[in-house]
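Peer 1: Quick note, the sequences are listed as chains F and V, same order. Each residue of the first sequence is one higher than the one before, starting from 1 at the first, in my numbering. Each residue of the second sequence is one higher than the one before, starting from 1001 at the first, in my numbering.
If you are wondering where the hints come from, they were derived from the structure by calculation, not from laboratory data. All values derive from a computational prediction rather than experimental measurement. Please note that the accuracy of each hint is not assured.
Mimicking SDA-like on lysine to any residue, the simulated pairs with C-alpha atoms at most 25 Å apart in a straight line are [what the hints assert, rightly or not]:
no., chain 1, residue 1, chain 2, residue 2
1, F, Lys73, V, Arg1004
2, F, Lys360, V, Arg1004
3, V, Lys1069, F, Gln353
4, F, Lys358, V, Ile1116
5, V, Lys1247, F, Gln353
6, F, Lys6, V, Tyr1301
What follows is a set of in silico ranges between Cβ atoms, one per label pair, in the way DEER data are often shown [unchecked claim]:
no., chain 1, residue 1, chain 2, residue 2, range
7, V, Asp1234, F, Pro125, 56 to 62 Å
8, V, Asp1027, F, Ala215, 36 to 42 Å
9, V, Asp1018, F, Ile250, 55 to 61 Å
10, F, Ile197, V, Lys1358, 56 to 62 Å
11, F, Asp75, V, Asp1018, 51 to 57 Å
12, F, Asp106, V, Ala1255, 43 to 49 Å
13, F, Gly218, V, Asn1054, 57 to 63 Å
14, F, Asp203, V, Asn1054, 37 to 43 Å
15, F, Asn326, V, Asp1018, 35 to 41 Å
16, F, Pro342, V, Arg1070, 28 to 34 Å
17, V, Asp1027, F, Pro125, 43 to 49 Å
18, V, Gln1012, F, Lys6, 30 to 36 Å
19, F, Asp106, V, Lys1325, 18 to 24 Å
20, V, Asp1056, F, Gly357, 36 to 42 Å
Each residue gets a CB set at the ideal place from its N, CA and C atoms; glycine is no exception.
Letter by letter, the chains look like this.
Number of protein chains: 2
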Amino acid sequence: MKFRTKPAKGTQDILPEDMALRNYVQDTIRNTYREKGFTQIQTPSIENIELLSNSDGGENLRMLFKILKRGEKLDLQAGENDLSDLGLRFDLTLPLSRFYANNRNDLPMPFKAIQIGDVWRAERPQKGRYRQFMQCDVDIIGESSIVSEIELLTTVPEAIKRLGFDNFKIVINDRRLLKEMVLSSQIDEELFGTVCISLDKVDKIGVEGVRNDLAEKGLTEVQIDALIKRMDTDLASLDSDAAREIKQIIDVVSAYYPVEFDPTLVRGMGYYTGSIFEVQSSEFKGSLGGGGRYDTLLNKYQNDPIPAVGFSIGFERIVDLLKSKNVKVETEEKIAFVYIDPIYLSKAVALSQELVGKGKITSLYQVKKNKVGKKLNRLKEEGFTEIIVVDNLEM
Amino acid sequence: MKFRTKPAKGTQDILPEDMALRNYVQDTIRNTYREKGFTQIQTPSIENIELLSNSDGGENLRMLFKILKRGEKLDLQAGENDLSDLGLRFDLTLPLSRFYANNRNDLPMPFKAIQIGDVWRAERPQKGRYRQFMQCDVDIIGESSIVSEIELLTTVPEAIKRLGFDNFKIVINDRRLLKEMVLSSQIDEELFGTVCISLDKVDKIGVEGVRNDLAEKGLTEVQIDALIKRMDTDLASLDSDAAREIKQIIDVVSAYYPVEFDPTLVRGMGYYTGSIFEVQSSEFKGSLGGGGRYDTLLNKYQNDPIPAVGFSIGFERIVDLLKSKNVKVETEEKIAFVYIDPIYLSKAVALSQELVGKGKITSLYQVKKNKVGKKLNRLKEEGFTEIIVVDNLEM
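Based on the provided sequences and hints, a complete structural model is requested.
Peer 2: Spelled out as structure tokens, the structure:
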């Protein structure tokens, strides 16, 4: 019996060239984050099912991979909810919340965390979307002042720059400003969520599109006019804590990276409570990463409120973009030692061993005499910069 | 409702100091392997359940984490075997076999693979054993000559050396020599497996212990005497392909790393067909890694036979040993910029930004005036080598 050799539906095998690119992206991000005082942690890929199921995961909960109970614990008569005791994590934020509650006595305050790891979602397979993909998050837990936002906004863009992206800008808004905008337009607070969904589409459908969208949702022309007018209001003219904070963040960060206020930036996740931000590139639609402040999310797992801000860089998108730009990771000198007669094996080994620790890549190949020409061509294709045929030559 | 904040049973949260050590070990291993011409690949953590269940996984199959089918595919009336369509991988060798069959046309021949990744086994939790742990494998696929063994045995020990282990040696044997030994002692081939189990224990129970063990299994004194005598036979006096190959491997490798023949080395896994080897340290019992040749394992997934040799380094054991030796990863210069009055925030940012890309770690802290002393002490404890209080000082 031969087996299906394709990877499981929606997952991928990663070949050497792609893996080298992924390692390069991961190392660049990690090194940049480390320079800015963040330290890496890791949580398990599997979490107790109660933690995952009772989270604010929204749509992600429908896409949960649940793990079957094992041995005596498995009762086939039980309902679906009793068949599983564990699940694969669908993001890194929920595990971080649990991790922080579990380990806070052993962590600095504030705690600046790097997380790099795979997450799993049973998404409908489609181009560029995988059921297992990597996330890279930085979070600062325990600091309520804007120094956290400023640290994140001078860290993540630096990594993006080092990865070779030039034409990007940071856009920033605040959940509280969005709310002020809706309320000051005499729109009922209940409609806040649905109005945000319309605003979020302005890049795609334009201001007129947003107008139509809001009208269809039953807003009056007066309300819509007020809202659209407010979208043009200068940040400096707004007089609230949120506006002052966003202005100050922009003042400081703009000395180093392009950053601008975007009153229509919404970001989907429901748990943000203050600043929200994204890195956008003019080279393509969508963002290279985003995040915001979530000062209440951790409350669920502790007895006291803990402020937190996070920024997730779009690892898979960045890898795809670099691949589409045909970016290759530079390789060191690669030397192949080829021999035909096995009596030269130990000589080939000796030549290779002389180069150990000298930053060169070496590899040994035993080749049949009638296949030498073909093999040498193949090694050139594989990127070997030097090919040495080992025989009775004096070195 | 507050949630259980411990990680799932048998799994662990990894804190910054341990994570830095794990990254150091992983990077050292990967860099050493890359220098020797190996390239990294990655397979998904989840595989189709048929692949996992129909493997030679032995004991590991009892410890499989199975994933529940989702949505319409889940039929609660179905038996246990129909409830699951996926599982978490329990090792990296089975996925490599599938990967190679799936991608061989896009891979060099021979293919020298690095795999570094987590595997999952529902083991009974015990000290030092986790249900999620990391494996680091190197394999050479497609080469039947001993150049593969020699490449592995000059690669893995180099990584172990770079990680600071001095007192280690490679021990080597061959499955074919084990068989010759059993058959030449007039022992029935059927008893090969059980005799190996006894031989494997010689380090723990001594030669007398092995004698008793074999006697209990019904072997005659003549057979046991022959077997024990053979254990002392010089490798040079043996006249078989296997003996000549092992001798040649030892001849070449011994110029670089200590290596010796061990006629009682067995190694558990059933799939080895030729050479088997381990790295042992005099500092503790057990091995730092091991492997061998498995020339038939891949046949299951292809139509033609493909030779292969692999070596798995004991990543978790090495991390534990370095931790017990209190090895810390050297950190770069760490500078904290501390300010009390928020008007100095932008100055603190500017000072930190001046150090970007200079191989230093910087971090910003807003501190309340009455807590400055305490904070400075805490930052020293956290390993900051320099603490700069930012105020109206001229720089």
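Peer 1: Determine for every hint whether it applies to the structure shown.
Peer 2: These are the hints, each one checked on the structure:
1. Between the alpha carbons of Lys73/F and Arg1004/V the distance comes to roughly 20 Å, so the proposed pair stays at or under 25 Å and holds.
2. Note on Lys360/F and Arg1004/V: the hinted pairing is violated, with a Cα-Cα distance of about 50 Å set against a maximum of 25 Å.
3. Among the hinted pairs, Lys1069/V with Gln353/F is inconsistent with the structure: their alpha-carbon atoms are about 51 Å apart, more than 25 Å.
4. Annotation: proposed proximity of Lys358/F to Ile1116/V holds, straight-line Cα distance about 23 Å (limit 25 Å).
5. The hinted pair formed by Lys1247/V and Gln353/F meets the criterion: a straight-line CA distance of about 20 Å does not exceed 25 Å.
6. The suggested pairing of Lys6/F with Tyr1301/V holds, with an alpha-carbon distance near 11 Å, which does not exceed 25 Å.
7. For the hinted restraint 56 to 62 Å between Asp1234/V and Pro125/F, the CB-CB distance of approximately 60 Å keeps it satisfied.
8. At roughly 57 Å, the beta-carbon separation of Asp1027/V and Ala215/F lies outside the given 36 to 42 Å, and the hint is violated.
9. Judged by the Cβ atoms, the range 55 to 61 Å given for Asp1018/V and Ile250/F is violated: they are separated by roughly 38 Å.
10. In this structure, Ile197/F and Lys1358/V break the distance hint of 56 to 62 Å, their C-beta atoms being roughly 45 Å apart.
11. Distance hint for Asp75/F and Asp1018/V: a CB-CB separation of about 37 Å, inconsistent with the stated range 51 to 57 Å.
12. Taking the beta carbon of each, Asp106/F and Ala1255/V are about 47 Å apart, inside 43 to 49 Å as hinted.
13. At about 59 Å, the beta-carbon gap between Gly218/F and Asn1054/V stays in the expected band of 57 to 63 Å.
14. Roughly 50 Å separates the CB atoms of Asp203/F and Asn1054/V, a value that falls outside the hinted 37 to 43 Å.
15. A C-beta distance of roughly 38 Å is found between Asn326/F and Asp1018/V, which places it inside the suggested range of 35 to 41 Å.
16. Roughly 54 Å separates the CB atoms of Pro342/F and Arg1070/V, a value that falls outside the hinted 28 to 34 Å.
17. Look at Asp1027/V against Pro125/F: about 33 Å separates their beta carbons, and that is not inside 43 to 49 Å.
18. Against the hinted window of 30 to 36 Å, the Cβ-Cβ separation of Gln1012/V and Lys6/F comes to about 33 Å, which satisfies the hint.
19. Separation of Asp106/F from Lys1325/V is about 21 Å and conforms to the stated range, judged on CB atoms against 18 to 24 Å.
20. The beta-carbon spacing between Asp1056/V and Gly357/F, approximately 38 Å, falls within the hinted interval of 36 to 42 Å.
Of the numbered hints stated above, those contradicted by the structure are hints 2, 3, 8, 9, 10, 11, 14, 16 and 17, listed in ascending order.
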